[in-house]
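2 protein chains.
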Amino acid sequence: MAASEESLRKALAVKLSAVEAHGNAVRALKAAKASKPEIDAAIEALNNLKLEKSSIEKQLQAAVSGGDGDGALSREAFRQAAVNTLERRLFYIPSFKIYRGVAGLYDYGPPGCAVKSNVLAFWRQHFVLEENMLEVDCPCVTPEVVLKASGHVEKFTDLMVKDEKTGTCYRADHLLKDFCNEKLQKDLTISAEKAAELKHVLATLDDLSAEALGAKIKEYGITAPDTKNPLSDPYPFNLMFQTSIGPSGLSPGYMRPETAQGIFVNFKDLYYYNGNKLPFAAAQIGQAFRNEISPRQGLLRVREFTLAEIEHFVDPEDKSHPKYFEVAGLEFLMFPREEQMSGQSAKKICLGDAVSKGIVNNETLGYFIGRVYLFLTRLGIDKDRLRFRQHLANEMAHYAADCWDAEIECSYGWIECVGIADRSAYDLRAHSEKSGVPLVAAEKFSEPREVEKLVIAPVKKELGLAFKGNQKNVVEALEAMNEKEALEMKAALESKGEVEFYVCTLGKNVPIKKNMVSISKEKKKEHQRVFTPSVIEPSFGIGRIIYCLFEHSFYTRPSKAGDEQLNVFRFPPLVAPIKCTVFPLVQNQQYEDVAKVISKSLTAAGISHKIDITGTSIGKRYARTDELGVPFAITVDSTKDVTIRERDSKLQVRVSVEEAASVVKSVTDGHRTWEDVWEKFPHHTSGSADD
Amino acid sequence: MAASEESLRKALAVKLSAVEAHGNAVRALKAAKASKPEIDAAIEALNNLKLEKSSIEKQLQAAVSGGDGDGALSREAFRQAAVNTLERRLFYIPSFKIYRGVAGLYDYGPPGCAVKSNVLAFWRQHFVLEENMLEVDCPCVTPEVVLKASGHVEKFTDLMVKDEKTGTCYRADHLLKDFCNEKLQKDLTISAEKAAELKHVLATLDDLSAEALGAKIKEYGITAPDTKNPLSDPYPFNLMFQTSIGPSGLSPGYMRPETAQGIFVNFKDLYYYNGNKLPFAAAQIGQAFRNEISPRQGLLRVREFTLAEIEHFVDPEDKSHPKYFEVAGLEFLMFPREEQMSGQSAKKICLGDAVSKGIVNNETLGYFIGRVYLFLTRLGIDKDRLRFRQHLANEMAHYAADCWDAEIECSYGWIECVGIADRSAYDLRAHSEKSGVPLVAAEKFSEPREVEKLVIAPVKKELGLAFKGNQKNVVEALEAMNEKEALEMKAALESKGEVEFYVCTLGKNVPIKKNMVSISKEKKKEHQRVFTPSVIEPSFGIGRIIYCLFEHSFYTRPSKAGDEQLNVFRFPPLVAPIKCTVFPLVQNQQYEDVAKVISKSLTAAGISHKIDITGTSIGKRYARTDELGVPFAITVDSTKDVTIRERDSKLQVRVSVEEAASVVKSVTDGHRTWEDVWEKFPHHTSGSADD
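Just so you know, the protein sequences line up as chains U and R, in that order. With our numbering, the residue at position 200 of the first sequence is 1028, and numbering never jumps. With our numbering, the residue at position 175 of the second sequence is 1003, and numbering never jumps.
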């Protein structure tokens, strides 16, 4: 808890009891019929105390809502304005709206669909093409065996509680989270200790077992939000959409919860395709599905979404990256584990320093963090509202070497949009084991190498005599020792002749004597080293990135008359749904013909555009396209020259009809900037624009 | 049945009995111990008869396998060669292969995925951008109510039979089809009548009811193919993958069987987005799912596939198209209903003639047929193996106005790859009805129009007296009369005073008297016409198009030494997975540096390419990239000039290092042809290439 908040809570508690005491004192004076001046003085003192109390309350309110008194309110208003525009202009639409929709399912309407396809095209350019990745396209329908191996059948669950009377389902952690947040933000009278406890619950929410969650729900008396009915104990609900493959009903399948598994099961073929060489990356863009218990936060938590995932396979003994130097100089907001634990906030760090200091585990992970930063900022994500947060130890899977999330700040807070994880060899090992097909790579030595190998040879006869039916467990445990354990045992046996040895499958220590096992190091010639590659996985939630991009691009400005607020999306040309509009200034055949000529050149140049020949005022037409984030508008007001208007500056230049398309193309392709255009061409200063 | 086949079958029957008769005669001669010359002469005559019989058999075999004796065999061999190359080079991979796969699910590996993404990008360019379509992107998970309205829950079924002992499922029509084909092709002894019957079954297969199919299966004694066990009666199996939305288990959903419904349910918003104007088209690219009973034919019949669908909404009273003239002059293979019924084959027809003669129902339908032709042929589909086949009356849904399939011929026969249907107002009406939200358009009149409207006014009092409890049924039936029926009743009532009137909800005639209903025509002023738009739907099976493209692009040619067949895909640059490879001729730092410089310019120009610095011979490296259909290879054999080789002609030109990337870009972008390049640059004639 921030120091100021804690001291404010304490100060408030003091002030509250002072107000109570003084209130009692005033009542006592009145009862004792004290003199008027005495009573008046006491009342004034009480009023002053009340004022001080209010002031502390306001400060506390500001502190709990993020240090910005009207923050929550203005964030809410901003989101409303943005979402209204997005829905009204069909960037997205609640799916199956005429049937009252389905929670957590959204359509992209025309401009949203264009933004999405631009984002995906840039992703393909930035990652797949520039890095020569092997892109694959696997089905969504996935047989159970694959998702058993990956662990999803067993572990891809959320804890759910049911309204005991109506059967309505809720996510248990959401209810507890909402309770804690509400209490912290709305109930200013709770003690500093209670506040600290609630904050601790919020911080450890992801770690709570079903039992612990259930206990907290009981302790806090949390009930069903809609009915106030009592809730069931929490139990796990698998988030995969289940189905059945084929007509027999005997082959269970699921809609994939991520695209990654399709790549892992193809590792052997892809490695071969890559000439049996490491490192290489495979990539996949596609739909993924999560049957959320109770979707919320609009586009951020949905039941079907587009993922773009990269699996970069690398030798675990060499995680360097040949192009690392290209990103090592980048500097941006990072939020390492240490800073989170010590209550600091994210800070600007040079990526190269983070890698060399070991804050980021390895070069390849660092390389992808840098590439993700470039990808997101080039799309138009504000770099001051983008941070890379390292997973805390308790957030990471036990096998992961390191994990960083690209988080983007929007009106809902900091949202995880890209996960970049070093998953070590976990996935390939799991599928090797389950399928029986070895998913390994080999490093061929140019000449055979002499290697020292640890050899653990249990003496089965002796072990059999000593442990009878348990012999097998003991043998397996001995063979499973790593080098360090084995050498320690060897030393101990040589010095003491006997050691206690823990056999986990028996759940107890057994005594091992010197004659029961031989441990030695032997030299062998090897021609190659066979190993399971590590995988570094950048995984992009495309819908979340797009939603954050919408918020970061949205702003309002007053109309020229000042009587209304106009909405604008400042999309860079790269992602703008339409690059250019063409307007004949007035309805007239000549101008329309010119507009058609320009439209034809724009089509030939591959620039997506729209002609608007309605008789609406030019200002209204500008406002309409600003709402779609169209960066340029060509207005035809003569048959020789036309104006080109830039969306954000509203500045206009005059160019010839023949040049118009190529000028727009050069700016949207990034071959020159609007500033270059503004330098080169005569300015247009008619007062008629944007009326 | 083709005349020659029928006469051959008859001739064979004659010859077979002649052989039998002569065989008996020879045996009789031998038994009667006739003279050797006599017996020898009879045997010679028998042998001649047998030779004649064999000759007829061969001709018949040729006739049944499509007029081409070794056709089936060579088609099979061709397919094997193509499929081997496709699978070996990872164009596609049976999904989840390490777990022994799932029938009907395939991955696209790296080159296949690149081809697919090129095909989709061109589709977007050719249809969405050039026609200003409204592209949307809707979820695959679809609630039941939507698919009930569309009819899929009730009717999206195939008839299935089960092996009565093992429970294995088969598609009933497939078993019957296989039986008929096998009999026709392998059993040359069946009579011409029997052959005609089997052919009739094949022709009417799609029309057979469950009962008729079951009867045929019984009649022909068809058993389970794997076990020869008896089969169950056919029964319908719904082909949608079913699932459940949300945690309650109370909201059934399906994985969408087509993308079209997502567009229909959004009609109202899209119409508004388009400024409440018709016509406009919406488009969607996405996954669709069919839980096939027993998938076969590789990529052609799969359980999950990518569809690209267009719904063009148009005023049913005006199906003209402003850009129709652009395609009216095209001439290509069309197969109208008439020609199919009269046993002719597809023929070249000018599209404009087909529309003006009414063979194609309307201009808009014709326009899309033309655009589809251009799309497919530009991708590389052979125009001689592409035909547009009109649906027969029995193939079309009752509401459809007209329907044409773009069929592509491949080793599996003629495959439906694009359906282009005028579905009239069916879909919008169905969703209007089920959702209660009117999905209509309005034509505003510039000034109010006087329209004559038929008014049917049942006189409820009289009807009540006459029909008592049935009054409501009679009223509804009277109100439901169309204009013609109503006017006929009016005339009859005026002349006879009473008519018999059939009320279908009562299932009987009732007498209607003159005083029970008033029928009149009234004039009204109307300001607009409200109607349900017709929809014209071109629907593209992307995977099928890609598979046919693979076959049409594949060929083999002998290696230079002549000792092996090399595989080539002649993809146009537009769809080639990689546009260019860069080879240093020999392993050497200087050449590798030049290769890297060229690679950088290619990346900057957005040309997907690959460097191959392995020491393999240049001929082998060419062969490897020919197998991937890479159109151009740049070979670095000096630091100043390099060669560019074209894949199909194997011709090479010399260009400077600086120019190399821009030359390749100009040809792959279509700004010039290889012939232009061949004209302009010096030729390279080293004997070392393609060794």
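Please note: incorrect hints may appear among the correct ones.
The list makes no distinction among identical chains, and a pair is therefore deemed to hold if it is satisfied within one copy or across any two copies.
Said to hold, decoys possible - In silico DSS-like pairs for lysine-lysine, Cα to Cα no more than 25 Å straight-line:
1) K1105 / K1424
2) K1096 / K1478
3) K1493 / K1428
4) K1352 / K1312
5) K1438 / K1096
6) K925 / K983
7) K1300 / K990
8) K1318 / K878
For the record, the hints were derived by calculation from the structure and aren't laboratory data.
Here is how each hint holds up against the structure:
In this homomeric assembly, K1105 and K1424 come within 25 Å of each other (Cα to Cα) only across copies, at 19 Å, whereas the closest approach inside a single copy is 53 Å. Taking the closest pair of Cα atoms, K1096 and K1478 never come within 25 Å of each other, the shortest separation being 55 Å inside a single copy and 33 Å across copies. In this assembly of identical chains, the alpha carbons of K1493 and K1428 lie at most 25 Å apart whether taken from the same copy (13 Å) or from different copies (23 Å). For the identical chains of this complex, K1352 and K1312 are intra-copy neighbours only, at 20 Å inside a copy versus 98 Å across copies, given an alpha-carbon limit of 25 Å.
Only between protomers do K1438 and K1096 lie at most 25 Å apart by alpha-carbon distance; the minimum there is 21 Å, versus 47 Å within a single protomer. For the identical chains of this complex, K925 and K983 are inter-copy neighbours only, at 24 Å across copies versus 33 Å inside a copy, given an alpha-carbon limit of 25 Å. With identical chains, the CA atoms of K1300 and K990 are never at most 25 Å apart, being 46 Å at best within one copy and 47 Å at best between copies. Neither within a single protomer nor between protomers do K1318 and K878 lie at most 25 Å apart by alpha-carbon distance, with minima of 76 Å and 87 Å respectively.
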